[in-house]
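Trainee: Let chain R serve as the given structure and place chain C with the ligands on it in line with the hints.
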Amino acid sequence: MKQFINLLKISLNVNFGISALRYRFTKERKRLWEPVLIFLSIIVGGGSITAFYTMILQNVYMVGLVLNSPEIVIIVSLIIGQFTVFVFGIMYIISAFYFSNDINILVPLPLKPYQVLGCKFITIMINEYLILLPLLVPSIIIYGTGIKPGIAYWFKSVFIILLSPVIPLIIASVFVLILMRLVNIRKSKDLLIVIGTLFGVLLSLTVNYYTQKMPDGDPGQFVQNLVSSRIDIIEMIGEKFPHVIWSTYSLSKTGLEGFIYFGLTIIVFILAFAFLLWLGNQIFYRGLLSGQEVSSRKKRLSPEQINRKTQGASSPVTALFRREWKLFIRTPIYALNGLAGMIMVPFILLMPVFTRGEEMQDAISLIRQPQFIAHATLGSFGLILFTASVNIVACTSISREGQTFCISKMILVAPKHQVAAKLLHGMSISAIGIAVTLALVAIVLQLPLLRLLIVLILGLLGNLLLNILNLIIDVIRPKLEWNNPQEAVKQNLNGFFSILLTMVSLGCLAGLSVFLFDMGLSEWWIYIILGVIAGILSLLSLKVLFTLAEKAYKKLEI
Amino acid sequence: MVKITNLSKSYNRGAVKAVDNLNLHVKPGEIFGFLGPNGAGKTTTIKMMVGLLNPDQGSIFINDYDNQRDPIAAKRSIGYVPDSPEVYDRLTGLEYLDFMANVYEVSPDEKKKRISYFLEMFDLVDAANDLIKSYSHGMKQKIVLTGALLHNPALWIMDEPMVGLDPRSSHLLKELMREHCDRGNTVFFSTHILEVAERLCDRIGIIHKGKLIAIGTLEELRHGEHAGTLENIFLELTEQ
Ligand SMILES: Nc1ncnc2c1ncn2[C@@H]1O[C@H](COP(=O)(O)OP(=O)(O)O)[C@@H](O)[C@H]1O
Ligand SMILES: [Mg+2]
Chain R
1 MKQFINLLKI SLNVNFGISA LRYRFTKERK RLWEPVLIFL SIIVGGGSIT
51 AFYTMILQNV YMVGLVLNSP EIVIIVSLII GQFTVFVFGI MYIISAFYFS
101 NDINILVPLP LKPYQVLGCK FITIMINEYL ILLPLLVPSI IIYGTGIKPG
151 IAYWFKSVFI ILLSPVIPLI IASVFVLILM RLVNIRKSKD LLIVIGTLFG
201 VLLSLTVNYY TQKMPDGDPG QFVQNLVSSR IDIIEMIGEK FPHVIWSTYS
251 LSKTGLEGFI YFGLTIIVFI LAFAFLLWLG NQIFYRGLLS GQEVSSRKKR
301 LSPEQINRKT QGASSPVTAL FRREWKLFIR TPIYALNGLA GMIMVPFILL
351 MPVFTRGEEM QDAISLIRQP QFIAHATLGS FGLILFTASV NIVACTSISR
401 EGQTFCISKM ILVAPKHQVA AKLLHGMSIS AIGIAVTLAL VAIVLQLPLL
451 RLLIVLILGL LGNLLLNILN LIIDVIRPKL EWNNPQEAVK QNLNGFFSIL
501 LTMVSLGCLA GLSVFLFDMG LSEWWIYIIL GVIAGILSLL SLKVLFTLAE
551 KAYKKLEI
Chain C
1 MVKITNLSKS YNRGAVKAVD NLNLHVKPGE IFGFLGPNGA GKTTTIKMMV
51 GLLNPDQGSI FINDYDNQRD PIAAKRSIGY VPDSPEVYDR LTGLEYLDFM
101 ANVYEVSPDE KKKRISYFLE MFDLVDAAND LIKSYSHGMK QKIVLTGALL
151 HNPALWIMDE PMVGLDPRSS HLLKELMREH CDRGNTVFFS THILEVAERL
201 CDRIGIIHKG KLIAIGTLEE LRHGEHAGTL ENIFLELTEQ
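So the sequence lines, in the order shown, correspond to chains R and C.
By our numbering, the letter at position 89 of the first sequence is numbered 89, and the numbering carries on one by one without gaps.
By our numbering, the letter at position 162 of the second sequence is numbered 162, and the numbering carries on one by one without gaps.
For the record, the hints were derived by calculation from the structure and aren't laboratory data.
Glycine is no exception: its CB is placed at the ideal position from the N, C-alpha and C atoms.
There may be inaccurate statements among the hints.
Said to hold, decoys possible - Negatives, chain R to chain C, calculated, CB over 12 Å:
1. Pro-108
2. Leu-111
3. Pro-448
4. Leu-461
As the list claims (entries may be wrong) - Below, computed lysine-lysine pairings styled on DSBU-like, alpha-carbon distance capped at 35 Å:
5. R/Lys-2 x C/Lys-140
6. C/Lys-133 x R/Lys-9
7. R/Lys-112 x C/Lys-113
8. R/Lys-479 x C/Lys-133
9. C/Lys-17 x R/Lys-2
Isolated chain R, as found in the complex:
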């Protein structure tokens, strides 16, 4: 037990970067505002979603009151929480159990497999609270303030909330443990990432489709109807996962009955956890160790092959451009983060057209009226500006080099050419986004060919500017220290700055267009002016980029 606590302490410390944070605040004193900024954006972003969610729960509660079982609100939120924990849990568990860096430290130590497993499990569980608290706390408060069930309710609810991730995480862990025992996933790690991301894309498209399909009028009414017509489904889920019902009853029943359910729930959790530890002790290390081998094909290359693989001479920029693409495609994390959003976002934005065809048809025919065609053109331009720049390609292109950046420092290619290759790479990716969006705009809005051409040219110019600016961001503050490509793109604040930048430019575009319209200029002049401005700004920022790169490549150390 002492060993377990020792291990847990370290694991929590490492996972939440407690010592690292302390070090940052006391010793380094650099960029203290960054954690604050992240924290604020989580509060703001999370807050608004939570408010919306709370409103929905409020309506669920109303239905429950009518049906004389107000605890439905708790059941619903518990079910939502369980599924969320499960979905996120699988990913967390695979990476924490099998791909984390500390495996090589922990396995040679005299620790039992169940200790390592249990400790990782608890760390993940604590991680999940971040998502789980906003899901559960509102319903607990709604029920508690509505029914006023007394002090015991609040006391028990703390435990129920804290323990609620246990069952879904155990199901996910058992699934993963057995999966890992059967297949060597390390070899198919990339495949796994691709499947996972596709699954995520599909899920978000589906959710989006259904939320768009929500009929107009009072969304509260809609939820109420939905819940009362689907009460059987809720009951069915409750039957399949009785711990949800028991958890709820331990809160909603008063007196002894409530405490009996409470005790029952806790016992079930403990037994399930014990089972996981037992299973983990049997098979965790075996799956882990059989996955340690990385495949390396040892085939002798014949001289011709070597010749072919090391292509003839080419200009440094083309060579680097090719390298950028190779690294990008061969690291699925990069490719997916770069491409998925660009292809998905236009569809999501234009989703209303598919989900509610008729109303939209009217709107679209309106847009095609002569007096609105300029707005439609500019709108499409804005759309392209957005969709083709919501990728992390340019703003992480130096960060992605990570420790290999020292190679870039050493090779005899001017930094100017190196960033030029990165810019070309970023532009070629944006071009895909532009093509997708343009095709969609052409189909949906059916703009005339000339206008499409204008949108294309403006889109290319605008994205050139944005890509240059994104590169400047990355030149100024690249994140070169990472252990895992995921960190280079996902945990990189530059992505956030890049989105911010896109938003600001969209704002400028809108303001400028309105201003030009007000001046009474004809639409053609507006296009020309916008194009010229984008062009000039691009040239200027390109100059800035080159000078900054020249400096940064000299100064940056790893």
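Mentor: Below, chain C with the ligands without anything else, positioned relative to chain R:
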């Protein structure tokens, strides 16, 4: 102290035979040098000894414990220093050492004494409260070395320990190895620096393409058909 019997391990479903029917016996109280060219199978053997890889075949006894049947007891007898120092970057040096001492259940008094002894010796006192992330390669190596010694292990296993150490530290390390043996423990380390092996080791094993091709004291290796320095012997044995 170490008894390896018929040990085999291959990667990629048999395509690469990294360790091939290896038999090895290390006696208590000796410094054993495990020599071989790059890719000979040294790291693979060591990883199987410490439990980081499962053997395909064969058995390994550490301190008379079978490391398959009784892994905890075997691991408790070992202090392991991997070839690249893997440490928790986000801990301070002191936190890491404290953690290691607790894992091996070193008593609090002993812990305090030994930690400050090694920090002093490796000149890490000032850095102990900094994040390991900020350490140089050599400093990391020294922290790992310390972590592996806190419980005074019966068997000290090191994979290429000299790489990345400055001359002063590698001199210290050599003395530590001697000292550790004098206290009745055993040292097992892999290297391809022949000079170190020649001067330090009681016995030497040479592995080539996964097979043990020679074993014995330097004297014994010199006899037989081979002659001259260890370098000559090594080059001759690993010629093809
Ligand atoms: N994880 C691995 N996956 C596949 N092959 C490996 C792996 N590790 C080592 N090998 C191969 O096994 C052989 C022995 O490697 P290793 O034990 O690391 O040698 P040494 O430490 O003596 O330099 C080499 O041919 C190497 O390519
Ligand atoms: Mg090695």
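Trainee: When the hints from earlier in the document are held up against this structure, which numbers fail?
Mentor: 1, 2, 9
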